[in-house]
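Participant: For reference, the chains in residue letters:
2 protein chains.
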Amino acid sequence: MAPKEPLVISNKDEMRKWSRAMRCQGKVIGLVPTMGYLHEGHLTLVREAHKHANVIAVSIYVNPGQFSPNEDLSTYPSDFDGDIRKLMSVPGGVDVVFHPHNLYDYGNDKRNSNVAIESDKTVSCVDQGGFGHETWVRVENLQKGLCGNSRPIFFRGVATIVTKLFNIVEPDVAVFGKKDYQQWRIIQRMVRDLDFSIKIVGSEITREDDGLAMSSRNVRLSMKDRQNALSINKSLLKAKSAAADGQVHSEKLRNLVIQCITEAGGQIDYVEIVDQENLEKVEFINGPVVLCVAAWFGKVRLIDNMEINLKMDVRK
Amino acid sequence: MAPKEPLVISNKDEMRKWSRAMRCQGKVIGLVPTMGYLHEGHLTLVREAHKHANVIAVSIYVNPGQFSPNEDLSTYPSDFDGDIRKLMSVPGGVDVVFHPHNLYDYGNDKRNSNVAIESDKTVSCVDQGGFGHETWVRVENLQKGLCGNSRPIFFRGVATIVTKLFNIVEPDVAVFGKKDYQQWRIIQRMVRDLDFSIKIVGSEITREDDGLAMSSRNVRLSMKDRQNALSINKSLLKAKSAAADGQVHSEKLRNLVIQCITEAGGQIDYVEIVDQENLEKVEFINGPVVLCVAAWFGKVRLIDNMEINLKMDVRK
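Residue numbers (our numbering), protein chains in the order written: chain A, 1 to 316; chain B, 1 to 316.
By construction, these hints were calculated from the structure, which means they are not laboratory data.
Relax, there's no trap hidden among the hints.
Since copy identity is lost for identical chains, a pair holds within one copy or between any two.
With a straight-line cut-off of 30 Å between C-alpha atoms, the simulated DSS-like cross-links for lysine-lysine are: (1) K234 x K299; (2) K12 x K199; (3) K311 x K238; (4) K178 x K240; (5) K234 x K144; (6) K27 x K199.
I would like the entire structure built from these sequences, with the hints used as guidance.
Facilitator: Written out as structure tokens, the structure reads:
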């Protein structure tokens, strides 16, 4: 069978119209939100979506609302034609690619934009854009800690754009990668708290053959940094194995990871062991936890994580 | 024709199922969100909804998310049977009354609730309730000033519950009273910023024969306070007339209102003249403005407002 070419939609109303027509036909609509420059990890999300839905929409939109002006919005990689080809290579393909131009430009009412900049110390590229957008969704506890520390407006930007995408695409199921673990938990909580009728599926991390977690940012690593960055996955595996062997003291496991990454030339942003649900730090592992890491290699910030689910009988 | 008895739905999934069935039948769905204890003002909203929609849902839910613990949540009046009777008296009636029990109780995951209370100085009755709800929608500029000053968590509570109701009822049109002017503007902006596909209709203030703006709280006024509270509407009319006669200096008009209400025994919360769209204070009237008032009579806080749309040729 020839690969299916997706319908490309850039208009919000058209997107919603398609979705509502599908719903009235009894179809289950799946959404995979992405920022483009797709890799095997994204395609895994699409394959996962096929397990839960009859028709699949993939959104490709680099969201300025989650970037600080000092972050890498302008250099974020893109390759729209390549993305379409990759999506067509997935068995079953995708039905729609939603590719809007600017989801914050309402074409009027820009008078309030300056107020937002004055009143907020930490601004996003949207606040700076002067579009007058002023509504933000925050998941107030889960957005704290981990990536929330070094990227203070990131999760408000993510929760807000996902709300917008949900309201435009109106899916029944949405698939998020567990590589962005905190993001996945935030979206789950947001969906519950705001009564979206959407099932949130978390998809396991896709890794390169050598263990590096796939990321659109990996292409910006130098050869040397790319090699050194393998220390992240290696250290996570080492810590997981140490935990399985009875080391349940978080501080000890953290130090193991920090040492391994630092020795390889990485600069740690954070290494934390947190509860899988509420993402609060744990001193000792006595339930399902996740070991989360963010580290810089050169000018590239990478994140990764590993769930640790100890069986009761191996715990000390 | 016998008055139509509305279907009463308390379950979220059932509510959404009804709405989606209507949509697939091509019906336009109208929503009138209320906190119950309905009066003629609410019925005006329902009549307005009939102009825009084929089927009408009225929600009756006293939202703890917009009340501070020191406010009047526990004494907020209710009369469900009376409400149903009143809704049946409107020509065309209403199709559904959505009357949920507790929209913040998710039946699990209460572990985070304490964190919310510790980290926020101003809490709502939802934070105190310990349900673990932690997602809030804020319209960051419009929520400032006017009622936002004396009720710091009010509009985050309103924006959040309206988002929840929109996600549950999934209407095409929703009608809000312009008596709650700031709320109306906030919901309009939120709908734009979050890409809800919902038309927001503002319905004019309904007044008693003697001019008092209708409110569920009016029943709690003593006979004397009820009489004194007429000063609000009187002062607004006086200011509007002064503006029409050429007095465009906001301070002068404010003072006129303040004096009139204070002399009648009211205690001013605020009197402001603001731009109708962005609700920013204006020093001189040179465009569409609204004069907004909040004042206490006895233990009851009343709000009212009047739009002032001067024709260019009467301006000095």
